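Enquirer: Now for the letters of each chain:
Number of protein chains: 2
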Amino acid sequence: MSLSDESLQETKVELLEALTQEAPNKEVLAERLSELRSADIAEILEDIVEDDEDLPTVLTLLDILSLERAANVLGYLPGEVQVEIVEKLSDTTFLALLEEMGSDERADLFNLLDEDRREALLRQMAHQEREDLKRLASYEEGTAGAIMTSDYVAIASGMTVSQSMMRVRQTAPDAETVYQIYIVDSDGKLTGTMSLRQLMVARPGAVVDDIMIKDVISIGVDEAQEEAARVVARYDLLALPVIDADNRMVGIVTHDDAMDVAESEATEDFHKGMSIGQLEDGVSRVPIWSLYRKRVFWLVLLVFANLFSGAGIAYFEETIAAQVALVFFLPLLIGSGGNAGAQAATLMVRGMATGDVGVKDWGKLLGRELLVAGSLGITMAIAVTPIGIMRGGEALAMVVAFSMVTIVLFGSLLGMCLPFVLERFKVDPATASAPLVTTLIDASGVVIYFSIATAIL
Amino acid sequence: MSLSDESLQETKVELLEALTQEAPNKEVLAERLSELRSADIAEILEDIVEDDEDLPTVLTLLDILSLERAANVLGYLPGEVQVEIVEKLSDTTFLALLEEMGSDERADLFNLLDEDRREALLRQMAHQEREDLKRLASYEEGTAGAIMTSDYVAIASGMTVSQSMMRVRQTAPDAETVYQIYIVDSDGKLTGTMSLRQLMVARPGAVVDDIMIKDVISIGVDEAQEEAARVVARYDLLALPVIDADNRMVGIVTHDDAMDVAESEATEDFHKGMSIGQLEDGVSRVPIWSLYRKRVFWLVLLVFANLFSGAGIAYFEETIAAQVALVFFLPLLIGSGGNAGAQAATLMVRGMATGDVGVKDWGKLLGRELLVAGSLGITMAIAVTPIGIMRGGEALAMVVAFSMVTIVLFGSLLGMCLPFVLERFKVDPATASAPLVTTLIDASGVVIYFSIATAIL
Chain A
1 MSLSDESLQE TKVELLEALT QEAPNKEVLA ERLSELRSAD IAEILEDIVE
51 DDEDLPTVLT LLDILSLERA ANVLGYLPGE VQVEIVEKLS DTTFLALLEE
101 MGSDERADLF NLLDEDRREA LLRQMAHQER EDLKRLASYE EGTAGAIMTS
151 DYVAIASGMT VSQSMMRVRQ TAPDAETVYQ IYIVDSDGKL TGTMSLRQLM
201 VARPGAVVDD IMIKDVISIG VDEAQEEAAR VVARYDLLAL PVIDADNRMV
251 GIVTHDDAMD VAESEATEDF HKGMSIGQLE DGVSRVPIWS LYRKRVFWLV
301 LLVFANLFSG AGIAYFEETI AAQVALVFFL PLLIGSGGNA GAQAATLMVR
351 GMATGDVGVK DWGKLLGREL LVAGSLGITM AIAVTPIGIM RGGEALAMVV
401 AFSMVTIVLF GSLLGMCLPF VLERFKVDPA TASAPLVTTL IDASGVVIYF
451 SIATAIL
Chain B
1 MSLSDESLQE TKVELLEALT QEAPNKEVLA ERLSELRSAD IAEILEDIVE
51 DDEDLPTVLT LLDILSLERA ANVLGYLPGE VQVEIVEKLS DTTFLALLEE
101 MGSDERADLF NLLDEDRREA LLRQMAHQER EDLKRLASYE EGTAGAIMTS
151 DYVAIASGMT VSQSMMRVRQ TAPDAETVYQ IYIVDSDGKL TGTMSLRQLM
201 VARPGAVVDD IMIKDVISIG VDEAQEEAAR VVARYDLLAL PVIDADNRMV
251 GIVTHDDAMD VAESEATEDF HKGMSIGQLE DGVSRVPIWS LYRKRVFWLV
301 LLVFANLFSG AGIAYFEETI AAQVALVFFL PLLIGSGGNA GAQAATLMVR
351 GMATGDVGVK DWGKLLGREL LVAGSLGITM AIAVTPIGIM RGGEALAMVV
401 AFSMVTIVLF GSLLGMCLPF VLERFKVDPA TASAPLVTTL IDASGVVIYF
451 SIATAIL
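From first to last, the protein sequence lines are chains A and B. Those letters in the first sequence? Residues 1 to 457, per the UniProt record's numbering, in order. Those letters in the second sequence? Residues 1 to 457, per the UniProt record's numbering, in order.
The following block holds chain A by itself, in its conformation from the complex (with noise of 0.2 angstroms):
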């Protein structure tokens, strides 16, 4: 069974008591935490540096596990806390540490430190690891590349199955995953994949050209991590292998990384659509300057916007003075607008970000909203008519109708287009947020209603 959070919270209390003794039984700890599996360790060890501040007991705690268990550890923690922790490791350690580590996490690390230590740690290291470790931590941040592992199994073209059954077995201790092989010629380039199953189940003096999938899928080693993780999702991969721009094969990104970064990706998305920047951890653990940052931007460029309802209303002073009644479906009407719009906004980013709409949807699409949204403003106008009769007889009535009426449908195709618009000038559609479109509607349902009053009234 997996751990819920209360026995979590027990199990740290637990450590926490036992860590802090005077002289700790190491032994009786290290029988407890190899029960304990490395993510739930790692959230642990989250706790105590976040709440407790408690840095030396995180190190005596590593220090009881195995080189290898507390790099798995410490590859479960968010980036910030594996610097604090590091921070405080000699370098002999911190170099064993690493080299246990797996490379795309110890590139991600890497990147992370100060200039000073990487190029201590650099100098310290064997010529090939340094090399590999410079060209991981090259890749720029949000591709294939920064998210790839060196860690896979390579065949040569030409080995029969038994010889690569072989090399399997004995990258089996340090290769990200075995299940997936790759077939390199002398270049260095892809050529063909065959899972281990397959090669199972073939008979050992066959060569593997003969039974490899030549037609692999791919991705470039500067392509965006979202595109990465949805090729994984589409093809149901195991890992993914990642080409430079001559083909040849330079990493894969692996089904659990893809996996993060599609989770990290909804939640960026799910942030910005309601106009918050994009967080650098989960907002219990964010600093509160960061929180308030990414906030405030959109929510004072809001602010101006929403002058132009303002504006709006101030254009029409003489009509509201006229009937102030007018001003009781003012927040009923241009609410109702933006909770319109927000949610066709909604519905096409979410199905452009899963690849469910295309541009060349757009047609049909629009179509459908004209049919949805008319049906929906109707069904509006006819909920709220009776209450117009109520406040200001009937002429009100026929005017909060009305309006309602072509405010959702305006406000809904505003709200379906401005997603598609942004992809067109290459902004993220995630940025047509519901409080953008609310304002937008805002604005216009402001002039809409006040135009038909003046009118009719």
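Since the hints were derived computationally from the structure, they do not count as laboratory data. Remember, it's a predicted structure, so these values are computed and weren't measured experimentally.
Derived DSS-like pairs: lysine-lysine, alpha-carbon spacing no greater than 27 angstroms straight-line:
{"hint": "1", "chain 1": "B", "residue 1": "Lys12", "chain 2": "A", "residue 2": "Lys360"}
{"hint": "2", "chain 1": "B", "residue 1": "Lys214", "chain 2": "A", "residue 2": "Lys26"}
{"hint": "3", "chain 1": "A", "residue 1": "Lys364", "chain 2": "B", "residue 2": "Lys12"}
Computed footprint of chain B on chain A; a stretch qualifies when at least three of its residues, placed anywhere within it, have a C-beta under 8 angstroms from a C-beta of chain B:
{"hint": "4", "segment": "274-284"}
{"hint": "5", "segment": "352-361"}
Beta carbons are placed, not taken as given, at the ideal position from N, Cα and C, and that holds for glycine.
Since the structure of chain A is provided, determine the placement of chain B on it from the hints.
Expert: Coordinates of chain B only, in the frame set by chain A:
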């Protein structure tokens, strides 16, 4: 390389041309299809069914594929499209196709068929197969049981490594994954697990019970499928074993199915965040009527909720009539409160969905939100003060600034608390959608603003 949107469209046109010729050349077509991936063929088929409503062509195309391939392609199609296609198949062809499908996909499709067809099919199945299908089809939608497959590799406790390897080789053609192996005792209880990698490097004579991992991460068959997806992501699993109430192993949830669940959960939360009900398919495919229904409920409800804002305005009609300039700032103030509140709600909802935020963090987060929202409110008040002075003098500016801080603070705290309150009452926190939060804040904002105005002016 994976296919781009455009090349998929080209391939579709090509295939349609070849298929609708009077005597389609099946050999050439088979050759062409063999170069395509199942996921891509499925997308083309889906397009043909939906855009062109050309079912006969789809059947011809499926007929050219091998049974195994056809079953594979079918598995990538949305449920309703699968049903449309198989309705046109004879029982014999359908049964042969079902046999080739993965057990989880078979059960899903089976559940979508009408009663008569189900009965007819069951009668023609072998006993073992029928029981397996009935069992898998019986799990409630949304549970781990409903997405698990029963095609996994189980090893009897007591077997040696070499016996186990033999078993893996035998099961390889049918199992969903052979890379994770489960050890069960004579009662069918799950006692341990090991990876194929571990098995490959183990001494052939060793007994699996001595090398397996005994503390297996598993999930109950009735637990939510989202929980299964979270466990797979948290522990980077290839597959998660599913057990019944007696700890007997009944299936596995594979990493690719977990990724699909995580994606559709994110989409669902996205839509809920904008008060859209759960769509049964992508936005470009779902029927218009269904799209209307999923959007209208909340919209109409919010119309009535918005009446509270109207009532608030009606209550302060005298204040407004005395100083119409107040209305100028109304959209701005309640809009800003709504935006800040929606931001706070979104951060909480997503944090709770990804497991980053728990109820235990509530106190800490409340303190943080007070600080952040306070700072945001003050910033926005400063931004709006000059406009207040310009429009209506210092007194009005003071009213607006003071209202801004109060409304933003109140809105943010409301937005933050609502998801927790809903969770407490066992309602999905994602129901605390932006429109709901905004509407609640709108009404409160009206009261706050005009109360402050009445007091000061």
